[in-house]
Amino acid sequence: MREFAVIATETKTWACYDCGKCTATCPIARVGGSLSPRRQVLATNLGHREEILADGNLFVCLSCGLCSERCPAGVGYGSMVRHLREIAYREGIEPECPHGGAFHSLMRMMAKGGTQQNRLGWLTEDLQTAPAQGEVFFWTGCTMYYDAFFEDFQVNSLAATRAAVRLLNRLGVTPVVSPHERCCGHDLLWNGDRKSFELLAEHNVKLVKDSGAKTFVTPCAECLRTWKLDYEPFFTSKPPRILHMTEYLAEHLQELKLKANGQRRVTYQDPCRLGRHLGIYGPPRELLEALPGVELVDMAHWGRGSICCAGSTWSNCDRYAKHIQVDRLREARATGAELMATCCPKCQIHFRCAMQDPNLKEEIEIEMRDVTELVAEALES
Amino acid sequence: MPEPENPKGESAPAKPETKPRASTRQVKSDPDKRAKKPPRKKKLPKRTGPPRKLPRTPLPEMKEAEKETRKEAVKKPSEWNPNIVVFACNWCSYAGADTAGVSRMEHEPHFRIIRVMCSGRVQPAFVLKAFEKGADGVLVSGCHFGDCHYIFGNERAAEQFAKTVKMVKLLGLEENRLRLEWISAAEGARFAQVINEFTEQVRSLGPSPLSGNHLKI
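Protein sequences appear in the order of chains A and B. Numbering of the first sequence is given in the working numbering, commencing with residue 1 and proceeding in unit increments. Numbering of the second sequence is given in the working numbering, commencing with residue 1001 and proceeding in unit increments.
Calculated from the structure, these hints are not laboratory results. Just so it is clear, CB atoms sit at the ideal spot from N, CA and C, and this is done for glycine as well. It cannot be assumed that every hint is accurate.
[What the hints assert, rightly or not] One side of the interface only, derived from the structure: several residues of chain A facing chain B at Cβ under 8 Å:
id, residue
1, Glu-91
2, Ala-102
3, Thr-115
4, Gln-116
5, Asn-118
6, Tyr-145
7, Phe-149
[What the hints assert, rightly or not] Sample of chain B residues lacking proximity to chain A, with all beta carbon distances greater than 10 Å (derived):
id, residue
8, Pro-1038
9, Leu-1044
10, Lys-1046
11, Glu-1064
12, Asp-1098
13, Gly-1101
14, Arg-1104
15, Gln-1123
16, Pro-1124
17, His-1144
18, Lys-1163
19, Arg-1179
20, Ala-1186
21, Ala-1189
22, Ser-1204
23, Gly-1206
Please build the complete structure, drawing on both the sequences and the hints.
Rendered as structure tokens:
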């Protein structure tokens, strides 16, 4: 009971006045799911432990943050769900993980440590990196695992990672790319496994601190969220400046010489972690607009109101998720764009997965690339 | 659809197969037989209170003593026995293991079989979970190509296994901790041989760095 009171205070659920805007905007509820953020907020306020733990919808939330964005009372629904999942995890309740929980197993093994991962197999000879010390730390994220796991539908998230290092080199920076990097723990934290998350956080913070880097850059939206918000208590000294790759590039846009690569109409998918969680809407759009020959058109839902890829934390993948993805891809096609750009590897994975549907393929297929990749392609050689 | 014959009228059950049951009921009501019936056992009281919780395996924290044990184990590989998980398909490999047992073949005992309906069911997550929980080696086995009970399940198994090997290599575990084998129901001797070979292979690698030696089979 008491822990619920603490959650209610921390996440301001007591401010809820039952207007139901959260449930009305929830993408899951929109496509027919029985998830009701309003009901969960009410149950937390009343401390109805049994009701919350028995609720099959606890792990259904996409944590996309649309409800918190629309909430007039400022209830932190996302952090409330995270706290509730932590309680559920302690009680032994776990979500039905898509992919059989393969990624959660991987992350827990990384948290344990003991093995030397082969994280740098993607580095090509023309890319210059430093192994341990440097001014800029480049955080790759787990893209190498994603590419190996999802090769069936041509996910190539490493292309963005390579492009980012190439751009950094062009700007005269030799970034630190560490072979001792471990998963940032984002998905474990959002599925309630705080203990493993803390092990990962301590390791990673120490790694970056020892590198002596003043700037931290990552091309992954989820890693950025975790580093910026969730790692805060783990920094013992002054943390480095934490930036997304698009933010870093937007700052140095003048130094890059870009050339046109043909005329293209491009639309941009806001990753939920980058947009609503961190408020970064401008830099990726700035970059796309600065590319010669690229015309940026936004979808009907964009910026603060954009719809997410429905699979951010590897916690749920069901027909509702599919419905959301197909709707979003239809929206992208309706703009007349031939390419959808994004900044998060998971957006790419989930939309590409939805595009595999043989019945809808014609209707929803659209080329997907990372913003970083597009910028690197437009570089003058 | 025509209604089934119903000699007992409206009140009796409509399905024809209930008839024999009615006759058994008559036998049961015989007073002699009823007397022979043993007295009913007292029912257990219904469980109250919170639902039963399964104990969670805690993440292993390697203690100094454990580290020493591991070092010792690596020094003397012949004295250390690995923990091996074997995924065996219901139709071929599990029966193959059975044949090995029935034929009283001698083989290494340091493995646990998990029976799956088809080797195609073994997705990367299963193998990774086994390593997460401290297995030193994982063997996936199914029917020979062309013999699969589900026609192409073992082809799927081979695809999934290739993916698993990639993930395990990325994670930094040795590739030799994994093996894919096709064993038919008649190949008891082959099952014993594969187990012996694989146990020796894993034994030479030493304990898995992720096991922490905490899982004792």
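Evaluated hints:
A distance limit of 8 Å between C-beta atoms decides the matter here; for Glu-91 (chain A) the minimum to chain B is near 7 Å, and the interface restraint holds. For Ala-102 (chain A), the suggested interface contact is upheld, since its CB lies about 4 Å from the closest CB of chain B, less than 8 Å. Interface hint status for Thr-115 (chain A): upheld, as the beta-carbon distance to the closest one in chain B is roughly 3 Å, under 8 Å. Checking Gln-116 (chain A) against chain B by beta carbon gives a least distance of about 5 Å; that is within 8 Å, so the hint holds.
Contact between Asn-118 (chain A) and chain B, as hinted, is supported at the beta carbon level, the nearest pair being about 5 Å apart and thus within 8 Å. Against a cut-off of 8 Å between C-beta atoms, the interface hint on Tyr-145 (chain A) holds, since the closest Cβ of chain B lies about 6 Å away. For Phe-149 (chain A), the shortest C-beta to C-beta distance to chain B is roughly 7 Å, which falls under 8 Å, so the interface hint holds. Non-interface call for Pro-1038 (chain B) relative to chain A: holds, since the shortest CB-CB distance, roughly 40 Å, exceeds 10 Å.
No beta-carbon of chain A comes within 10 Å of the beta-carbon of Leu-1044 (chain B); the shortest separation is about 24 Å. Taking the minimum C-beta to C-beta distance to chain A, about 18 Å, the non-interface status of Lys-1046 (chain B) holds against the 10 Å cut. With a minimum CB-CB distance of about 15 Å to chain A, Glu-1064 (chain B) clears the 10 Å threshold, and the non-interface call stands. Interface exclusion of Asp-1098 (chain B) from chain A stands, the closest Cβ pair being 27 Å apart, more than 10 Å.
Gly-1101 (chain B), annotated as away from the interface, keeps every beta carbon of chain A farther than 10 Å; the closest lies near 30 Å. In this structure Arg-1104 (chain B) is separated from chain A by more than 10 Å, as the shortest Cβ-Cβ distance comes to about 37 Å. With 10 Å as the threshold on Cβ separation, the claim that Gln-1123 (chain B) sits away from chain A is violated: the shortest Cβ distance comes to roughly 5 Å. Against chain A, the non-interface label of Pro-1124 (chain B) is violated: not every CB pair exceeds 10 Å, the least being about 5 Å.
Every beta carbon of chain A lies more than 10 Å from that of His-1144 (chain B), the smallest distance being close to 25 Å; the non-interface claim holds. For Lys-1163 (chain B), the requirement that its beta carbon stay farther than 10 Å from each beta carbon of chain A is not met, with the minimum near 7 Å. Its beta-carbon lying about 19 Å from the closest one in chain A, Arg-1179 (chain B) satisfies the requirement of being farther than 10 Å from that chain. With a least CB separation of 31 Å from chain A, Ala-1186 (chain B) remains clear of the 10 Å interface cut-off, as annotated.
No Cβ of chain A comes within 10 Å of the Cβ of Ala-1189 (chain B); the nearest lies about 33 Å off, and the non-interface call holds. Every Cβ of chain A is farther than 10 Å from the Cβ of Ser-1204 (chain B); the closest lies at roughly 18 Å, confirming the non-interface assignment. For Gly-1206 (chain B), the shortest C-beta to C-beta distance to chain A comes to about 12 Å, beyond the 10 Å cut-off, and the non-interface label holds.
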